[in-house]
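Q: Given these sequences and hints, build the entire structure.
8 protein chains.
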Amino acid sequence: MDRRELLNLLTRVRTGSLSVVRALERLRHFPSEDLGFARMDNHRAIRQGFPEVIFCEGKTVSQATTIARRSLLRHGMLLATRASREIFNAIKAKAPRAEYHPLSRAIVVKPLHPTTPVGQVLVLSAGTSDIPVAEEAAVTADILGSRVETLYDVGVAGLHRLLSQLPLLQEARVLVVVAGMEGALPSLVAGLVSAPVIAVPTSIGYGANFQGLAPLLAMLTSCAPGVAVVNIDNGFGAGYMAAVINLIAQGQGGDS
Amino acid sequence: MDRRELLNLLTRVRTGSLSVVRALERLRHFPSEDLGFARMDNHRAIRQGFPEVIFCEGKTVSQATTIARRSLLRHGMLLATRASREIFNAIKAKAPRAEYHPLSRAIVVKPLHPTTPVGQVLVLSAGTSDIPVAEEAAVTADILGSRVETLYDVGVAGLHRLLSQLPLLQEARVLVVVAGMEGALPSLVAGLVSAPVIAVPTSIGYGANFQGLAPLLAMLTSCAPGVAVVNIDNGFGAGYMAAVINLIAQGQGGDS
Amino acid sequence: MDRRELLNLLTRVRTGSLSVVRALERLRHFPSEDLGFARMDNHRAIRQGFPEVIFCEGKTVSQATTIARRSLLRHGMLLATRASREIFNAIKAKAPRAEYHPLSRAIVVKPLHPTTPVGQVLVLSAGTSDIPVAEEAAVTADILGSRVETLYDVGVAGLHRLLSQLPLLQEARVLVVVAGMEGALPSLVAGLVSAPVIAVPTSIGYGANFQGLAPLLAMLTSCAPGVAVVNIDNGFGAGYMAAVINLIAQGQGGDS
Amino acid sequence: MDRRELLNLLTRVRTGSLSVVRALERLRHFPSEDLGFARMDNHRAIRQGFPEVIFCEGKTVSQATTIARRSLLRHGMLLATRASREIFNAIKAKAPRAEYHPLSRAIVVKPLHPTTPVGQVLVLSAGTSDIPVAEEAAVTADILGSRVETLYDVGVAGLHRLLSQLPLLQEARVLVVVAGMEGALPSLVAGLVSAPVIAVPTSIGYGANFQGLAPLLAMLTSCAPGVAVVNIDNGFGAGYMAAVINLIAQGQGGDS
Amino acid sequence: MDRRELLNLLTRVRTGSLSVVRALERLRHFPSEDLGFARMDNHRAIRQGFPEVIFCEGKTVSQATTIARRSLLRHGMLLATRASREIFNAIKAKAPRAEYHPLSRAIVVKPLHPTTPVGQVLVLSAGTSDIPVAEEAAVTADILGSRVETLYDVGVAGLHRLLSQLPLLQEARVLVVVAGMEGALPSLVAGLVSAPVIAVPTSIGYGANFQGLAPLLAMLTSCAPGVAVVNIDNGFGAGYMAAVINLIAQGQGGDS
Amino acid sequence: MDRRELLNLLTRVRTGSLSVVRALERLRHFPSEDLGFARMDNHRAIRQGFPEVIFCEGKTVSQATTIARRSLLRHGMLLATRASREIFNAIKAKAPRAEYHPLSRAIVVKPLHPTTPVGQVLVLSAGTSDIPVAEEAAVTADILGSRVETLYDVGVAGLHRLLSQLPLLQEARVLVVVAGMEGALPSLVAGLVSAPVIAVPTSIGYGANFQGLAPLLAMLTSCAPGVAVVNIDNGFGAGYMAAVINLIAQGQGGDS
Amino acid sequence: MDRRELLNLLTRVRTGSLSVVRALERLRHFPSEDLGFARMDNHRAIRQGFPEVIFCEGKTVSQATTIARRSLLRHGMLLATRASREIFNAIKAKAPRAEYHPLSRAIVVKPLHPTTPVGQVLVLSAGTSDIPVAEEAAVTADILGSRVETLYDVGVAGLHRLLSQLPLLQEARVLVVVAGMEGALPSLVAGLVSAPVIAVPTSIGYGANFQGLAPLLAMLTSCAPGVAVVNIDNGFGAGYMAAVINLIAQGQGGDS
Amino acid sequence: MDRRELLNLLTRVRTGSLSVVRALERLRHFPSEDLGFARMDNHRAIRQGFPEVIFCEGKTVSQATTIARRSLLRHGMLLATRASREIFNAIKAKAPRAEYHPLSRAIVVKPLHPTTPVGQVLVLSAGTSDIPVAEEAAVTADILGSRVETLYDVGVAGLHRLLSQLPLLQEARVLVVVAGMEGALPSLVAGLVSAPVIAVPTSIGYGANFQGLAPLLAMLTSCAPGVAVVNIDNGFGAGYMAAVINLIAQGQGGDS
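Residue numbers (the numbering used here), protein chains in the order written: chain L, 1 to 256; chain B, 1 to 256; chain H, 1 to 256; chain X, 1 to 256; chain C, 1 to 256; chain S, 1 to 256; chain F, 1 to 256; chain V, 1 to 256.
Because the hints were derived from the structure by calculation, they are not lab data.
Mixed in with the good hints, there may be bad ones.
[Claimed, not checked] Ranges of calculated distance between the beta carbons of each label pair, as one might list FRET restraints:
#	chain 1	residue 1	chain 2	residue 2	range
1	F	Leu-73	H	Pro-102	54 to 62 Å
2	L	Thr-15	B	Leu-112	38 to 46 Å
3	F	His-75	V	Leu-168	42 to 50 Å
4	S	Gly-251	C	Thr-150	21 to 29 Å
No experiment lies behind these values; they were computed from the predicted model shown.
Glycine residues also receive a C-beta, built at the ideal position from the N, C-alpha and C atoms.
A: Structure (structure tokens):
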């Protein structure tokens with residue numbers, strides 16, 4: 001409930017067009033709508049500029065589809081992550097414009113009249129196996145209205161691959177750097193650019209990788225300032241964060 | 001060495017005003033200057049908009065002072081973190097403008113003609129004991145040219161303290177949220193604003209806090225998008241990241 | 001063996017109606033009955049007010065069914081947790097009143113003449129995926145004689161959903177708060193109510209959740225007093241604890 | 001701000017005796033009072049029945065004393081935990097009734113006209129070295145109005161010591177069980193009583209105790225239902241939880 | 001190669017009936033026989049009183065069978081642990097006397113003329129789910145010549161079940177105590193007997209059990225002396241250790 | 001309370017020379033004597049053949065001395081581990097026969113008429129720095145009546161040192177093997193002897209030793225059967241276990 | 001790009017046969033060739049003496065095959081690790097000389113005219129189950145031009161097996177020692193030879209092995225100098241390292 | 001005891017100039033000399049080319065000095081690591097040629113007639129704080145006869161510093177790379193050279209560095225082949241390993 005609505009409500013209390021009791025009722029029952037199993041946050045679209053994203057892992061097909069349909073109805077767009085093809089088919093049946101990104105397992109329904117993408121988010125991956133997570137970041141930043149470039153397989157062991165792309169790196173407004181194994185790429189990249197770097201550790205690797213713990217710790221202890229980290233394999237979180245920063249720089253983000 | 005200088009150098013190779021061998025020499029020996037124990041990165045001021053920050057932990061007074069003096073000479077400003085009062089005294093003797101922030105143990109020498117601070121970085125702390133880390137973030141963002149506000153002791157157990165400051169939260173362009181114990185504050189804040197949140201876990205707490213592991217994991221697994229995390233107790237890193245994002249939004253950051 | 005029975009036995013030793021040797025025999029062989037693979041604790045019903053609950057994970061269908069049948073015979077009621085549908089079918093064949101809760105995988109046989117539920121236990125879940133654990137808590141508290149309300153999907157990222165239900169929270173005598181991810185909900189809730197909060201971390205999440213370690217540590221280090229924690233995913237333990245507290249408040253629990 | 005005050009405020013908005021703008025002001029600036037470094041939660045006394053407890057670790061003498069004085073002024077009573085004797089002396093100078101518990105390092109100022117302690121909280125410790133944590137629990141429950149009994153050094157290796165006190169155990173309405181080393185005592189106790197058990201792991205021990213990790217995990221995985229756990233060495237948290245449960249049973253706790 | 005054989009060999013060197021070079025050859029090539037993939041330790045039967053046990057996990061059926069056949073040929077007896085039924089069938093085809101213990105997945109071929117079992121090894125399990133590990137211990141101690149008794153499902157939550165069997169406990173010469181969950185049983189048992197206790201943590205449990213870490217740490221930090229611990233789920237190791245101690249007490253173990 | 005005493009007591013109940021109520025009293029108040037801060041276990045001397053050992057860490061000088069004096073009075077002997085010289089001086093003042101072992105920090109008061117040491121316990125240490133822990137084991141086994149030999153600094157990197165002592169190893173009835181760093185010595189030793197090996201990991205080492213975690217895990221996963229492990233640095237526990245096994249072999253241990 | 005090529009390029013800039021702009025282009029676009037999903041490092045063959053090895057885990061059959069074909073075309077040889085038989089079949093169809101090592105799951109295409117293997121790399125495994133990792137090391141060192149010997153199943157519990165092969169150990173120029181369980185073998189071997197030892201922990205084992213953590217820590221804390229460690233199960237890395245050292249000793253490695 | 005001596009001994013057994021019994025005696029008592037607290041390994045000088053290095057941590061001044069004097073007497077040279085200045089002074093009193101390296105805390109006594117250093121070992125450190133560990137590696141490799149170069153403060157955040165020294169890197173025969181924080185430098189270096197890289201994680205850093213765990217895991221999971229790792233802060237181990245490899249390449253190492 002934004003400030004304007006609240007003032008409006010209070011003014012109506014003042015003027016007597018709304019009783020104290022009923023105002024409280026509205027305050028309490030609006031804007032969270034009860035689906036039985038999941039209270040949807042319709043208000044988020046206004047407060048944060050984007051409808052709730054559906055994290056499909058651990059949800060049944062029917063749960064995911066119900067939330068998706070309701071979200072589409074209200075916002076005309078959709079992002080569902082970690083979705084099985086089965087969930088995609090169920091949603092596709094209702095929303096023919098739905099697209100499936102098999103690598104990142106994301107379902108996207110773009111708005112009918114999307115705005116022109118702005119700024120520049122660059123998504124890098126250290127290895128081939130990190131691409132699914134990188135793609136999740138790219139898809140997310142894209143649907144949130146950012147222009148997105150990708151640069152894959154530029155890990156630190158072949159340094160010249162990365163260095164040969166220096167201009168691309170330096171043009172980006174925000175960078176998402178995805179890496180498994182020793183997770184060194186974000187430190188390296190942050191030393192080459194002055195833009196903020198969102199680091200994503202992946203669970204790719206074996207042995208002492210410990211399901212992503214190794215790159216996670218490495219990224220957190222990065223010797224280069226200008227690096228912040230999201231959860232292991234959390235491509236969505238990185239793409240979201242990058243888009244938010246990118247939009248702020250465009251003068252589009254923020255509450256004000 | 002930026003693109004312009006490199007082109008210049010190559011052109012001089014082409015025109016014969018610089019021999020191939022000497023060009024390589026300059027390429028190799030410039031711009032890293034050897035202090036014996038620490039190669040200073042003079043170039044960083046140009047590449048990243050701010051001279052190298054001196055992390056004093058594990059450095060002797062004489063090492064810290066030597067680096068500080070050299071940095072001041074070149075850049076006219078200084079930020080040294082985790083500095084003892086002894087190091088401060090040694091630097092103060094050479095740089096009378098130096099200020100010491102006892103809580104955050106930071107030494108600051110502001111430029112003689114500082115630019116007007118821009119944007120709005122809001123630094124929050126969950127508890128009283130988290131303030132030193134929060135102060136480190138605030139001091140850092142401040143010297144990097146950001147306007148900084150602070151809001152301390154607004155942890156989740158007394159929710160109304162936080163909610164009563166909602167407007168302040170929503171005015172910020174970037175937020176730094178510092179919390180020990182269960183580290184829940186960043187999730188909560190990120191649910192209230194649309195600006196990016198830089199979360200800093202602290203080692204404040206005991207038992208299952210495990211030197212900051214508990215809030216670190218909590219922040220990484222935050223259910224709210226728009227949160228990225230820096231290392232435990234890394235106020236500097238958070239302040240730096242916040243300032244970089246804030247400056248980008250001002251149209252001042254980036255390489256382009 | 002309760003105090004009364006013991007005094008009775010000793011008195012019979014005194015009066016000579018029971019020999020020393022046989023008394024010891026009864027002491028030793030009663031009340032634990034040997035099923036070969038599992039010694040049932042019939043005495044628990046008297047001592048603790050409820051027959052042993054059957055934890056089905058790691059038990060064969062035949063083991064689970066044998067224990068269940070014996071328990072039903074003696075107590076006329078049953079709670080079996082983490083039960084497969086196969087185990088349910090086997091039990092259902094013998095006990096037509098048995099009900100299966102597919103989400104929580106609990107089997108329940110209510111007593112024929114249940115007492116009126118008392119007090120108020122409120123079970124909250126932070127996300128949709130935490131519901132199975134929350135349901136296990138609710139089912140458990142219910143069969144133990146507590147009146148149970150549930151409130152699901154009220155995580156901290158959408159604060160107003162929770163705040164809009166404040167009266168419900170404040171009416172509860174005990175609260176069970178189930179949360180995965182960063183596990184912040186119990187801290188928040190405990191700051192809003194004065195009733196005791198039983199926190200249940202879940203293994204829902206990925207990456208730095210580390211199978212529930214993140215919310216577990218968060219809940220243990222909660223900055224709000226009035227929170228105690230049970231094992232990861234242990235909905236049963238939380239429901240049991242909540243019911244015990246609720247019954248004490250009703251003047252029904254305790255040994256006295 | 002409780003429901004009554006809120007209704008009162010809204011009614012005044014309705015009747016015009018309070019402007020919309022000023023009501024919001026009061027809503028926002030009351031009841032959190034700014035001490036510069038710590039926002040005190042005066043409201044908590046009403047909402048939760050007890051003023052904020054002062055956790056002294058990591059606070060300067062002057063910070064602790066300022067908060068203590070303010071708290072005393074408002075509530076006429078005080079509990080400060082993990083307090084040095086230095087802090088005690090500073091508080092004693094202002095509050096002659098202040099008492100220091102050297103084992104638990106707690107400072108207590110009881111209310112001038114305390115109510116009669118009610119119910120029965122039993123605090124057990126497994127070893128001699130666990131006593132400071134146990135004392136913190138006992139002191140806390142005591143000042144919160146509970147009748148408290150203690151039973152120390154009854155660890156599982158000398159079972160008969162515990163069993164010889166069975167009646168005492170079974171009379172308690174709530175039990176706090178403090179144990180380091182292997183942390184087995186809560187399981188054992190919970191198998192002997194039907195009252196709820198609050199388990200407190202301590203960092204007492206060496207080697208594989210890993211600063212309390214061993215008993216913490218043991219207590220969380222307890223095979224006996226009716227056990228919930230608080231943070232390592234958190235005697236205060238356990239005493240608080242026990243008192244809350246005890247008061248509820250007395251019909252004194254809760255919001256209603 | 002035992003001392004006697006070595007003296008014999010050296011004497012033959014002395015007397016010239018064996019050349020220096022050939023003696024070294026025998027020293028080097030005897031007694032380890034090369035099967036290509038596994039060097040069998042035939043000598044162990046003499047040195048340690050029992051042929052090498054075959055740990056089947058990670059071995060192919062054909063690898064396991066080859067080793068088993070060779071071992072049987074030489075020693076007339078066999079113990080293979082963690083064996084699939086497939087491996088059993090392959091061995092049974094060659095050794096009709098082979099028996100399969102499905103719970104512990106052990107294959108046993110007893111010697112044709114076994115010695116009378118001696119002493120008393122008592123194997124306890126805390127829960128029903130710990131039985132497979134306990135059975136592995138029992139089977140192992142049995143084939144090594146110990147008299148074995150078992151007592152299952154006597155966990156600490158139902159203390160009287162254990163106490164009612166006190167005489168049985170006190171008759172044992174060595175005890176193997178198997179427990180998952182919080183792993184408290186060994187501490188308790190060691191407080192009741194003066195015989196040595198071999199504790200076996202199991203990976204039974206969930207959440208904070210962390211695959212057996214919880215009971216492992218608990219057993220290592222046991223407050224009762226007279227407890228030593230083997231690896232998680234290592235029933236074989238516990239049974240072997242118990243048998244070795246039991247045999248020593250019989251005057252049968254040891255090198256002397 | 002042993003079986004004989006219990007029968008006696010019950011018989012007196014039968015014959016009327018003891019009332020039911022008083023018998024229960026004696027049952028409850030005897031044999032645990034209340035020192036206020038520590039319930040001494042006088043009964044242990046009978047039940048387990050040795051008075052309670054005093055673990056001094058975390059006890060005040062006055063607590064340790066009180067327990068020691070009481071123990072000496074009753075049993076005429078004493079073992080106190082992890083004792084400071086200050087505690088020793090306090091005890092020495094009362095018990096002139098007290099000896100201090102500075103390396104292991106153990107205080108020993110031998111019985112006036114000690115029995116002849118029996119059997120053979122061999123204590124090995126891998127490195128020089130492991131000696132304090134090894135000494136604690138040796139002192140413990142010695143006062144418990146075992147003949148003890150020691151062999152120090154025979155780590156696996158200089159294999160011939162160990163092999164040159166093979167006869168000594170093979171003469172021992174029980175071996176205690178103390179090792180820090182990689183903790184490989186117990187596996188090696190267990191492969192050379194048929195006697196049981198009690199392994200003690202030490203916290204000696206740095207880096208990946210992680211306060212003894214490395215050798216602890218190594219010893220638990222030993223590929224050699226006949227190894228059981230006690231807590232990190234727990235020389236006392238190992239010496240106690242070794243002595244118990246040694247005495248059983250002598251026909252002196254056990255309850256029967 | 002090696003020094004010679006760079007000088008050549010710069011000289012052409014100087015002489016005008018190459019424009020500044022195009023030189024930069026070549027610098028940037030050469031030698032990394034874009035396959036869309038993976039940038040191949042053709043240059044590595046020159047810089048490091050061997051084409052990029054293909055780590056197949058997490059790659060699709062088509063991804064692996066495309067990279068393999070390209071690599072074969074350029075270098076006439078191939079090493080692919082952790083390859084399924086399905087990937088092998090796809091590569092075999094294109095490269096009939098391809099061989100599959102089922103134990104180590106490596107695909108090898110040797111060069112048509114291989115050089116004579118040099119030096120001596122000895123690969124040891126502690127147990128039968130460690131052989132797959134050992135084989136990966138052996139295959140790798142072999143294709144890199146080293147003469148390789150293997151010695152399997154020589155774990156520390158049967159010491160004489162190892163000692164009987166002392167001459168073989170002492171002939172090796174580099175040793176790869178593969179061990180699971182307690183990981184003691186490398187320490188032991190390093191004490192017997194003066195050549196460098198590359199230690200490989202394996203995830204073989206159960207319980208406290210914790211997926212290879214136990215032997216990893218053991219190897220890192222080895223008391224014997226001359227040991228360095230690679231990742232858990234990383235046979236390839238060990239074989240590569242051994243081959244590099246072996247070749248240096250042959251005067252073939254290095255950049256000079 | 002080398003092969004030659006053994007043959008000699010055996011021949012004397014054959015010829016009768018040595019009795020079987022006395023030969024065994026010599027075999028057993030030679031060459032390990034008993035200092036009471038530490039068995040010195042005089043033989044190591046022959047077997048491994050260098051006398052035992054003295055690790056001073058955890059040794060008393062008198063223990064360290066005794067071992068040092070004995071070692072000097074036999075070998076005319078000395079390396080003692082982690083030595084306090086107090087130990088240095090004690091050794092200096094006996095050995096005037098002793099030198100102290102305060103940064104690495106190493107004591108060195110070079111041989112009177114040292115051989116010319118050979119090959120090239122390059123020691124790199126990522127930060128200024130890593131220098132003590134790097135110095136320990138350099139001092140060690142130096143006294144073992146290697147030519148050593150150092151290159152400090154070339155961490156990944158300032159990539160050009162490292163790249164400007166490429167020729168130096170490529171001239172080295174072995175590289176030791178020391179890094180704390182995220183530990184990325186070894187991966188980077190290994191991608192630039194073909195010589196073997198010995199990686200040393202340091203405990204420099206804070207928070208998620210977890211005493212060196214972060215760089216340790218990063219180095220183990222390095223994406224670049226040709227990297228092997230030693231223990232955290234183990235400069236000595238890295239210098240030793242590097243020297244051994246360097247000497248092999250010189251044709252000086254090995255047993256043959």
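Q: Now look at each hint and say whether the structure bears it out.
A: Hint check results:
1. Leu-73(F) to Pro-102(H): 54 to 62 Å: holds, 56 Å
2. Thr-15(L) to Leu-112(B): 38 to 46 Å: violated, 57 Å
3. His-75(F) to Leu-168(V): 42 to 50 Å: violated, 29 Å
4. Gly-251(S) to Thr-150(C): 21 to 29 Å: Given a distance of about 25 Å, which is inside 21 to 29 Å, the answer is holds.
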